[in-house]
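Trainee: Top line first, the protein sequences correspond to chains A and B. In terms of this note's numbering, the numbers along the first sequence are unbroken and rise by one, the last being 484. In terms of this note's numbering, the numbers along the second sequence are unbroken and rise by one, the last being 484.
Take these hints with a grain of salt, some might be off.
Since the list gives no way to pick out one identical chain from another, each pair is judged satisfied if it fits inside one copy or across any two copies.
To be verified - Straight-line alpha carbon distances no greater than 20 Å define the calculated SDA-like cross-link-like pairs of lysine to any residue that follow:
1. Lys333 with Arg63
2. Lys134 with Arg36
3. Lys58 with Pro299
4. Lys102 with Pro75
5. Lys61 with Ser322
6. Lys321 with Arg357
7. Lys333 with Ser178
8. Lys439 with His482
9. Lys102 with Pro113
10. Lys102 with Glu115
11. Lys134 with Tyr44
12. Lys180 with Asn258
13. Lys342 with Gln66
14. Lys409 with Asp397
Note that these hints are calculated values from the structure, not bench results. Here the structure is a predicted model, which is why all the values come from computation and not from measurement.
Residue strings, one per chain:
Protein chains: 2
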Amino acid sequence: MNKKRSAISPIREDNYPEWYQEVIKAAELAEHAVVRGCMVIKPYGYALWENIVSYLDKSFKARGVQNAYFPMFIPVSHLEREAEHVEGFATETAVVTHRRLKKNGDRLEPSSPLEEALVIRPTSEMVIGDCFKKWIESYRDLPLKINQWANVVRMEMRPRLFLRTSEFLWQEGHTAHSSKEEAQAEAKEMLDLYAKFMEKELAIPIFRGEKSEAERFPGAVTTYTFEAMMQDGKALQGGTSHFMGTNFARAIGIEYTNGAGAKTFAETTSWGVSTRLIGAMIMVHSDDDGLILPPRVAPYQIVFNPFSLDEAVLNYIEEWKSRLKGFRIHVDKSGMCGSKWKWIKKGVPIRVDIGMRDIESGKFNISIRSKHHEKYTFTQDEFVDQLGALLEKEQQDLYDRALAYREDKMVHVDNLDAFKKACKEKEHRFIFAPFAANKGLESEIKEKYGVTIRCYPEEMDFETKPCIFSGSNDSRIAIFAHSY
Amino acid sequence: MNKKRSAISPIREDNYPEWYQEVIKAAELAEHAVVRGCMVIKPYGYALWENIVSYLDKSFKARGVQNAYFPMFIPVSHLEREAEHVEGFATETAVVTHRRLKKNGDRLEPSSPLEEALVIRPTSEMVIGDCFKKWIESYRDLPLKINQWANVVRMEMRPRLFLRTSEFLWQEGHTAHSSKEEAQAEAKEMLDLYAKFMEKELAIPIFRGEKSEAERFPGAVTTYTFEAMMQDGKALQGGTSHFMGTNFARAIGIEYTNGAGAKTFAETTSWGVSTRLIGAMIMVHSDDDGLILPPRVAPYQIVFNPFSLDEAVLNYIEEWKSRLKGFRIHVDKSGMCGSKWKWIKKGVPIRVDIGMRDIESGKFNISIRSKHHEKYTFTQDEFVDQLGALLEKEQQDLYDRALAYREDKMVHVDNLDAFKKACKEKEHRFIFAPFAANKGLESEIKEKYGVTIRCYPEEMDFETKPCIFSGSNDSRIAIFAHSY
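Bound-form chain A, shown alone (with noise of 0.2 Å):
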């Protein structure tokens, strides 16, 4: 069989990493700074996340989550409080020392040093640990819930966009409750909110489930997750959901006055995501010709490409656009000939190529974007009636296409030597092996085999055998897999 000329290249088998750099740049979402590490967030790229950012804050206010804004700087003493956090990511961080430039001839140069240096944040956990310190005084001050989108700093010198900069954008949920049971069903509750949002709105199968002991969040009693398989084999990470029991609040202070007038520590939450799930969305979906965007979140959803700019055509297309209310049109007046290829790179999900011809026979030629190489002719009846369907058929397609290839991708195994076999295969795998809860055991596979536990899956049944490592029966399934 030939291969089809493809619009990205390197393919996706040729070389993945390099492919997934291609789509972004030919769909215009983002590029790399001037900046080492960073990233510019195009318009195009911009109107994913803010569709992203819509649904989600939403549904977060939907359960009587609060936004608010807090200092981007942390004191550099209030890190030293914390030290397990620090452990975890604050090393690598922008660190303020001076507060002015002045001159120097043609040069400035920092001057004017702080007394103390500031932190820009990695994470909030802190700033807002310490306002719920002060706000929080009695049982009916309870549960707060405060989430804010914000950017966040975590120095990176291997960039890669959308997936790992040095400053990204990300909300992060915090919430605190009187109740144990409260707190925890907070923590599962946004996993689920999260869950649905992945499946639902980006088309992207996910397996939620615990982290294990050495994936867990510092200080977290339990930490939620939920892992999508990229077409590479390898597991993304989309977001997480802390259940931080009363860890949290001690470390901090976090105090209330109980119904009985004792003091109590909060039982705590947090949770969050950010522009990473634009890269998973595009490294799930895109295909050789490049972007391919779930209708539900796309900017556009359809596009009217004239192949003229004649005032009948662009008449007729503005007359259709007002009459399809709902949806969210895009009419290409660039008047550029190739301009399909254009939208077939930026992943609109329905693009209509109308001529003067097609005005004249009453019809539209669509092509859709998953299945591009295809045309399908719709009388104007059948466009409007089916316009919505065709939208949901494809949305559902991208979920039933990556859940088919992810599946194919899944290996159960219950011994050691299957599990070698499988760490080393070309095209990564999830691996799902029984395993009984050791952190050190997870560094040395880790290291061993380039594999880490992403999950211990939810909702599964499965038989339960002995941990393929150590034997013990004390073992619940685990999913092995090479990670983003």
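Start from chain A and add chain B according to the hints.
Mentor: This is chain B only, laid out in the frame that chain A set:
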């Protein structure tokens, strides 16, 4: 006449700056952060900001502006290219010099110095300019209209919540055009957009006009501004819109190929407003009992305040809440006595106090925030019919009251003695005086009299008299005022 007891202490006439801080505290809008110079925007204050963002963002998009996101770090060498900007504000800025913290006993200290220090954006003018340079090739790429919602930093040692903090939130729009007229019109239309927002949404009367030479943005051909009078008679600049001509494009190198194939510098604009608008709104409308919010931006337009938490009362309220569609309604279920004052201090436009007696009588007792010592009683039908109109009236009343206040504090002078006298008045004023452009004189006036030129107001019909300082006939009416 006896002074009424007030909920805020001190009252405006005793200590205006202190009153301002207390209003913010009582309304739970924001608080000073642990980090010097920064603020925490609390949920109620952030909800206000979200309403501001939502309105402006829609308005920008309706004009074809696209949002994007740019890195917050600027290499110091980039600032060196643009000396004029650095003089403006880039000197008081946060400088990142290290990219890691390392442990030294129990302490953490900066380590891994960066090869080149980074500045946290005081504005993204240059970062966005660099992208424009890359993104714009031909006239077909113009106009390019980009906006960013982001945090920016200008190190501030004497912070005032919302008015002046080291970190604040803002939007900055940047556009590039092929014709001077189009760019100038863009800058002007953005001023119109902001002006409409100030007057219609925030109920703040403003003067719109051009900045004088001394107050103009570095590199701008024209800086448009809108200036509002606070309740101490001082001026506050609400925002600015700059027409840069080709000055900025020349400095950065933003060129495009025009229709004839020649390389041409683009004509650019930039425009922005910040969380400072919240400060303006507080200072213009609030009274000695606390915050007063214009209904159009208030997080809650109506609060139901039950006298008891009886199920019958709460059910009655919920029923009415679901019946009153299209309003932002809050139900106080705290069961705290004295919550009436909480809502007065939070500036909710309409408060409905409800007890069993009101349910039985079928009446609503309402209180309108700006005249909260009066009570109004409505039948249920009247309430439903008139609620929208009541909110609209409150919106208009706030505007009218602010306008009357301002009119009362304006003075026109045509000679230096009258000017000097006006500058010395205890309660500040807006002083209208003929002035002939002279940058040196402006700084002299500022030093001598404490006032600056806020703007040359537009669309006002004044008799042209000679400059009160120089006697020159080449004069325009300028507004002089003490300012924030």
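Trainee: As a check of your reading, is Lys102 near Glu115 (CA-CA no more than 20 Å) within one copy, between copies, both or neither?
Mentor: So Lys102 and Glu115 pass the 20 Å test inside a copy (18 Å) and across (18 Å) alike.
Trainee: How would you classify Lys58 and Pro299 at a CA-CA limit of 20 Å: within, between, both, or neither?
Mentor: both (18 Å within a copy, 15 Å between copies)
Trainee: Please work out whether the CA atoms of Lys321 and Arg357 approach to 20 Å or closer within one copy, between two copies, in both situations, or in neither?
Mentor: within (19 Å within a copy, 54 Å between copies)
Trainee: Could you figure out if Lys134 and Arg36 sit no more than 20 Å apart (CA to CA) within one copy, between two copies, both or neither?
Mentor: between (38 Å within a copy, 17 Å between copies)
Trainee: How would you classify Lys102 and Pro113 at a CA-CA limit of 20 Å: within, between, both, or neither?
Mentor: Answer is both: 12 Å inside a copy and 19 Å across each meet the 20 Å cutoff.
Trainee: How would you classify Lys342 and Gln66 at a CA-CA limit of 20 Å: within, between, both, or neither?
Mentor: between (40 Å within a copy, 19 Å between copies)
Trainee: Can you tell me if Lys134 and Tyr44 fall within 20 Å by alpha carbon in one copy, between copies, both or neither?
Mentor: between (41 Å within a copy, 16 Å between copies)
Trainee: Is it within, between, both, or neither for Lys102 and Pro75, if the alpha carbons may be no more than 20 Å apart?
Mentor: Answer is between: at 14 Å across copies they meet the 20 Å cutoff, but 23 Å inside does not.
Trainee: At most 20 Å between CA atoms: does that hold for Lys333 and Ser178 within a copy, between copies, both, or neither?
Mentor: between (57 Å within a copy, 18 Å between copies)
Trainee: Should Lys409 paired with Asp397 be assigned to within, between, both, or neither, using CA atoms and 20 Å as the limit?
Mentor: within (18 Å within a copy, 67 Å between copies)
Trainee: With 20 Å as the alpha-carbon cut-off, assign the pair Lys180 and Asn258 to within, between, both or neither.
Mentor: So Lys180 and Asn258 pass the 20 Å test inside one copy only (14 Å; across, 66 Å).
Trainee: Classify it for me, Lys439 with His482: is the Cα-Cα distance of at most 20 Å met within a copy, between copies, both or neither?
Mentor: Within one copy only: 18 Å inside a chain, 65 Å across chains, cut-off 20 Å.
Every hint from the earlier list agrees with this structure, and none is contradicted.
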